[in-house]
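Peer 1: Note that the protein sequences, when read in sequence, are chains A, B and C. Numbering-wise, my numbering puts 10 at position 10 of the first sequence, and it's gapless, one number per residue. Numbering-wise, my numbering puts 137 at position 137 of the second sequence, and it's gapless, one number per residue. Numbering-wise, my numbering puts 47 at position 47 of the third sequence, and it's gapless, one number per residue.
Treat the hints as calculated values from the structure; they're not laboratory data. One should not assume that every hint holds.
Copies of the same chain are indistinguishable here, so a pair counts whether it falls within one copy or spans any two.
[To be verified] Computed cross-link-like contacts, SDA-like style, restricted to lysine to any residue with a CA-CA straight-line distance of at most 25 Å:
| id | residue 1 | residue 2 |
| --- | --- | --- |
| 1 | 93 | 173 |
| 2 | 257 | 88 |
| 3 | 177 | 46 |
| 4 | 37 | 11 |
| 5 | 227 | 203 |
| 6 | 93 | 1 |
| 7 | 37 | 22 |
| 8 | 35 | 22 |
| 9 | 119 | 274 |
| 10 | 177 | 241 |
| 11 | 177 | 245 |
| 12 | 93 | 283 |
| 13 | 163 | 243 |
| 14 | 35 | 309 |
| 15 | 93 | 262 |
| 16 | 37 | 104 |
| 17 | 227 | 122 |
| 18 | 24 | 37 |
| 19 | 93 | 177 |
| 20 | 93 | 288 |
| 21 | 245 | 221 |
| 22 | 119 | 83 |
| 23 | 161 | 196 |
| 24 | 37 | 290 |
| 25 | 167 | 70 |
| 26 | 35 | 2 |
| 27 | 177 | 70 |
Computed from a prediction, not measured in an experiment: that's the story for all the values here.
Residue-level listing of the chains:
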Amino acid sequence: MNKYINIDDIENVSKTIEEAIQLKQSPFRFHHLGKHKTLVMLFFNSSLRTRLSTEKAAKNLGMDVMVLNVNEAWQLEFEDGSIMNANTAEHIKEAAQVISQYADIMAIRAFPSLTDKQKDESEYIINSFVKYATVPIISMESATAHPLQALADAITIEELKLKERPKVVLSWAPHPKALPQAVPNSFVTMMHELDVDFSITHPKGYELNPEITKNTSINYNQNEALKDADFVYVKNWSSYKDYGKILCQDENWMMTKEKLGNAKFMHCLPVRRNVVVEDAVLDGENAVVIQQANNRTFSAQIVLKNILENLSS
Amino acid sequence: MNKYINIDDIENVSKTIEEAIQLKQSPFRFHHLGKHKTLVMLFFNSSLRTRLSTEKAAKNLGMDVMVLNVNEAWQLEFEDGSIMNANTAEHIKEAAQVISQYADIMAIRAFPSLTDKQKDESEYIINSFVKYATVPIISMESATAHPLQALADAITIEELKLKERPKVVLSWAPHPKALPQAVPNSFVTMMHELDVDFSITHPKGYELNPEITKNTSINYNQNEALKDADFVYVKNWSSYKDYGKILCQDENWMMTKEKLGNAKFMHCLPVRRNVVVEDAVLDGENAVVIQQANNRTFSAQIVLKNILENLSS
Amino acid sequence: MNKYINIDDIENVSKTIEEAIQLKQSPFRFHHLGKHKTLVMLFFNSSLRTRLSTEKAAKNLGMDVMVLNVNEAWQLEFEDGSIMNANTAEHIKEAAQVISQYADIMAIRAFPSLTDKQKDESEYIINSFVKYATVPIISMESATAHPLQALADAITIEELKLKERPKVVLSWAPHPKALPQAVPNSFVTMMHELDVDFSITHPKGYELNPEITKNTSINYNQNEALKDADFVYVKNWSSYKDYGKILCQDENWMMTKEKLGNAKFMHCLPVRRNVVVEDAVLDGENAVVIQQANNRTFSAQIVLKNILENLSS
Numbered sequence: 001m002n003k004y005i006n007i008d009d010i011e012n013v014s015k016t017i018e019e020a021i022q023l024k025q026s027p028f029r030f031h032h033l034g035k036h037k038t039l040v041m042l043f044f045n046s047s048l049r050t051r052l053s054t055e056k057a058a059k060n061l062g063m064d065v066m067v068l069n070v071n072e073a074w075q076l077e078f079e080d081g082s083i084m085n086a087n088t089a090e091h092i093k094e095a096a097q098v099i100s101q102y103a104d105i106m107a108i109r110a111f112p113s114l115t116d117k118q119k120d121e122s123e124y125i126i127n128s129f130v131k132y133a134t135v136p137i138i139s140m141e142s143a144t145a146h147p148l149q150a151l152a153d154a155i156t157i158e159e160l161k162l163k164e165r166p167k168v169v170l171s172w173a174p175h176p177k178a179l180p181q182a183v184p185n186s187f188v189t190m191m192h193e194l195d196v197d198f199s200i201t202h203p204k205g206y207e208l209n210p211e212i213t214k215n216t217s218i219n220y221n222q223n224e225a226l227k228d229a230d231f232v233y234v235k236n237w238s239s240y241k242d243y244g245k246i247l248c249q250d251e252n253w254m255m256t257k258e259k260l261g262n263a264k265f266m267h268c269l270p271v272r273r274n275v276v277v278e279d280a281v282l283d284g285e286n287a288v289v290i291q292q293a294n295n296r297t298f299s300a301q302i303v304l305k306n307i308l309e310n311l312s313s
Numbered sequence: 001m002n003k004y005i006n007i008d009d010i011e012n013v014s015k016t017i018e019e020a021i022q023l024k025q026s027p028f029r030f031h032h033l034g035k036h037k038t039l040v041m042l043f044f045n046s047s048l049r050t051r052l053s054t055e056k057a058a059k060n061l062g063m064d065v066m067v068l069n070v071n072e073a074w075q076l077e078f079e080d081g082s083i084m085n086a087n088t089a090e091h092i093k094e095a096a097q098v099i100s101q102y103a104d105i106m107a108i109r110a111f112p113s114l115t116d117k118q119k120d121e122s123e124y125i126i127n128s129f130v131k132y133a134t135v136p137i138i139s140m141e142s143a144t145a146h147p148l149q150a151l152a153d154a155i156t157i158e159e160l161k162l163k164e165r166p167k168v169v170l171s172w173a174p175h176p177k178a179l180p181q182a183v184p185n186s187f188v189t190m191m192h193e194l195d196v197d198f199s200i201t202h203p204k205g206y207e208l209n210p211e212i213t214k215n216t217s218i219n220y221n222q223n224e225a226l227k228d229a230d231f232v233y234v235k236n237w238s239s240y241k242d243y244g245k246i247l248c249q250d251e252n253w254m255m256t257k258e259k260l261g262n263a264k265f266m267h268c269l270p271v272r273r274n275v276v277v278e279d280a281v282l283d284g285e286n287a288v289v290i291q292q293a294n295n296r297t298f299s300a301q302i303v304l305k306n307i308l309e310n311l312s313s
Numbered sequence: 001m002n003k004y005i006n007i008d009d010i011e012n013v014s015k016t017i018e019e020a021i022q023l024k025q026s027p028f029r030f031h032h033l034g035k036h037k038t039l040v041m042l043f044f045n046s047s048l049r050t051r052l053s054t055e056k057a058a059k060n061l062g063m064d065v066m067v068l069n070v071n072e073a074w075q076l077e078f079e080d081g082s083i084m085n086a087n088t089a090e091h092i093k094e095a096a097q098v099i100s101q102y103a104d105i106m107a108i109r110a111f112p113s114l115t116d117k118q119k120d121e122s123e124y125i126i127n128s129f130v131k132y133a134t135v136p137i138i139s140m141e142s143a144t145a146h147p148l149q150a151l152a153d154a155i156t157i158e159e160l161k162l163k164e165r166p167k168v169v170l171s172w173a174p175h176p177k178a179l180p181q182a183v184p185n186s187f188v189t190m191m192h193e194l195d196v197d198f199s200i201t202h203p204k205g206y207e208l209n210p211e212i213t214k215n216t217s218i219n220y221n222q223n224e225a226l227k228d229a230d231f232v233y234v235k236n237w238s239s240y241k242d243y244g245k246i247l248c249q250d251e252n253w254m255m256t257k258e259k260l261g262n263a264k265f266m267h268c269l270p271v272r273r274n275v276v277v278e279d280a281v282l283d284g285e286n287a288v289v290i291q292q293a294n295n296r297t298f299s300a301q302i303v304l305k306n307i308l309e310n311l312s313s
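Required output: the full structure, derived from the provided sequences and hints.
Peer 2: So, in structure tokens, the structure goes:
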């Protein structure tokens, strides 16, 4: 593995999930691997879980970690050929090459604008780091993907499934703010890698990028979709077609204990209680969000481990 | 020890002070104790001394440390049952449980509002962490208490006292901003644990919480109170009765070299020179504030050490 | 070495450069030196390269590192005798002494105001730390000097020079914002320590502090100055005479591939493309800015190593 930007950077998903579960049993077993290796974590956006779990994963492997909120430095320029006489003080070409020299691996978080679809889909921030950096790049959530989250999700399903081929439903939920499609995108992509009966339910107009959801069953009737589900992944996202817009705030789409039935409740967190999901679900026995968040450490750790092994080989 | 929120979490104060003084002689002696253990430090408010001394203490014990300014992530919700469609993005129930999985110990700093007495006194922030976290919690100053400071204060008095039962006076001082009662509260509580002749002096209206000061002599005449003092702890606080208000800015309450006499001058820092205390005191030989600040490392270290030993037992 | 504030804190420049180049070959060779030693890095201003390279250097030596953006705490007071009833909450006298107790070495970044020449030249921030701290102080760029950068520059020239006595030209460039003179000041000072044919070119009015440039050839004609140069160091600075002012934004002073000829292009970064220097230079083979930035790690590391050795002797 020489980068982790998208799920297809994983060579063998099921083997990787299995190894992550093993790591969880003995998190310090590969502490020697990271000796004298440095992870630089660069944040263009806020983070709690991703920040702490990724840093923890690196330290479990014995790495040194340096965290930088890019906004504490200055604004970076990503356009080729621009005359930099305005707000941007450093070009990504220099920044990526320079930071590469202080790092063995770089991890980047950079959210979408949700206003310029084409620019967001170009993934210009993370892709510029991939292009100009001279060390492996890990995405800690980019404009259109959150592959560390999706790997943690897959680990969680693997740990908890009670049947060979569980039914997994991704169910849209209302939210007061316009949110990215990164988490659902990567979750959909990951589900296609697992042996699951997968479908999506959301209001009309909330169709995700059809390139990603092709071959996925979509049901506009939430109740029908949820029937006999083993895992229900609840998540808000803003419209992809009417890009970045909030089209619906219908609270009937909120997940309830009644709708959930016996299914396990999944969410990437942070989650707004009684907006996205009612208290009774989160406080009930079927919520697995805490275990899911714990698996963030081991999804990051297996990715870092694979990259470190590749570095030294 | 399985948490440190208040002074009564210490089983044996005098033994703890003694052990802290021993740690100061050989700060790296227990460096093995923290191996593969992580302290997560969460700041809801600014910090200089507490941040650096607590991080240093953890590293002296060989711990990994992760520091997060919560404001860099997002606002947390503390109300049960709230419909989270406004400013808060994550509930403490999830946040505390999740972060617990990345930490072996969590340290929290959360100041009071000074506007809502009942809410501040509920200590809802630190107590919510205690309630929902699954790892030990250390207070790095909460709404009503600063127990790491009080322990450092006690260590300092123990190191410097020239008689069995020194006279210690807590003396209010003026300040341009409304400050919490956390430091004086914990100092008063700690003094009741030591063999000292303790009293408080402040203008009328500045009485601290009577639950805390019961059995403490209060003198509204500063000069009388200071007579023959061995240690004078100077500190501003806002009114407790007329909650969070500044009732007096009389500069006659500022500590001077003349008033101090031969007593040692203590303050938790930061201190406003020539407002709280005149230069001549801070620059004189009787000021012990630097030693006091140094003891912050060892008050944090003995607490962390006791908790780590408890974890592994 | 017991501090590094200015280039004359280096006892033997050429030996130091040689040792830095050796360190670069085996960066972890002295990893034992920093055991149980802590570097506290205090930032009054933004940083990317300096932050990451200095932290990396310290960790290469096995040190613990604590980073604090001072603005996250509160404003410090630097005036003697001031009545601190306004914006400043802690005096440098306390802050420097206190932090010294949590650190074995402190590194400080503090830019000039560019409005009060006398105050900037007094270097009151870094000099106050030198005065009141009880541990060695390293400058990570002060009001008038950037000695870690200049040492990295010297290492780069030493690595790349093709003749005994190369011709080195410092060439002013336009910039939309008023920038400090710290980098050119230290570069000029460093060049006087090396065996180089050194000169400066800039528009009239941009003369640097004559105390620093005495005995340096200054040429107002850029083309003449650049003739047969081996290294061209391009940098904007604001006027020293008309202090902090932008007197010229003539884009004819921008560095171009044509002007540069066969010389190596140097810049401390961040650099504004197509304002300070055209793309063709930065993307061409003669740009050595990435190597120069890499040498920031080893200039910091040799300074830290020398100070650590001095500490333990």
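Peer 1: Now, for every hint given, state plainly whether the structure supports it.
Peer 2: Here is how each hint holds up against the structure:
no.: 1; hint: 93 <-> 173; in the structure: between (39 Å within a copy, 20 Å between copies)
no.: 2; hint: 257 <-> 88; in the structure: between (49 Å within a copy, 23 Å between copies)
no.: 3; hint: 177 <-> 46; in the structure: within (15 Å within a copy, 29 Å between copies)
no.: 4; hint: 37 <-> 11; in the structure: within (23 Å within a copy, 32 Å between copies)
no.: 5; hint: 227 <-> 203; in the structure: within (17 Å within a copy, 69 Å between copies)
no.: 6; hint: 93 <-> 1; in the structure: within (23 Å within a copy, 36 Å between copies)
no.: 7; hint: 37 <-> 22; in the structure: both (23 Å within a copy, 20 Å between copies)
no.: 8; hint: 35 <-> 22; in the structure: both (21 Å within a copy, 21 Å between copies)
no.: 9; hint: 119 <-> 274; in the structure: between (34 Å within a copy, 23 Å between copies)
no.: 10; hint: 177 <-> 241; in the structure: within (17 Å within a copy, 41 Å between copies)
no.: 11; hint: 177 <-> 245; in the structure: within (9 Å within a copy, 37 Å between copies)
no.: 12; hint: 93 <-> 283; in the structure: between (48 Å within a copy, 9 Å between copies)
no.: 13; hint: 163 <-> 243; in the structure: neither (38 Å within a copy, 59 Å between copies)
no.: 14; hint: 35 <-> 309; in the structure: both (12 Å within a copy, 23 Å between copies)
no.: 15; hint: 93 <-> 262; in the structure: between (51 Å within a copy, 22 Å between copies)
no.: 16; hint: 37 <-> 104; in the structure: both (6 Å within a copy, 24 Å between copies)
no.: 17; hint: 227 <-> 122; in the structure: neither (37 Å within a copy, 44 Å between copies)
no.: 18; hint: 24 <-> 37; in the structure: both (21 Å within a copy, 15 Å between copies)
no.: 19; hint: 93 <-> 177; in the structure: between (33 Å within a copy, 21 Å between copies)
no.: 20; hint: 93 <-> 288; in the structure: between (42 Å within a copy, 13 Å between copies)
no.: 21; hint: 245 <-> 221; in the structure: within (21 Å within a copy, 57 Å between copies)
no.: 22; hint: 119 <-> 83; in the structure: within (19 Å within a copy, 34 Å between copies)
no.: 23; hint: 161 <-> 196; in the structure: within (10 Å within a copy, 63 Å between copies)
no.: 24; hint: 37 <-> 290; in the structure: between (30 Å within a copy, 20 Å between copies)
no.: 25; hint: 167 <-> 70; in the structure: neither (41 Å within a copy, 37 Å between copies)
no.: 26; hint: 35 <-> 2; in the structure: within (18 Å within a copy, 30 Å between copies)
no.: 27; hint: 177 <-> 70; in the structure: both (24 Å within a copy, 20 Å between copies)
The structure shown violates the earlier hints numbered 13, 17, 25.
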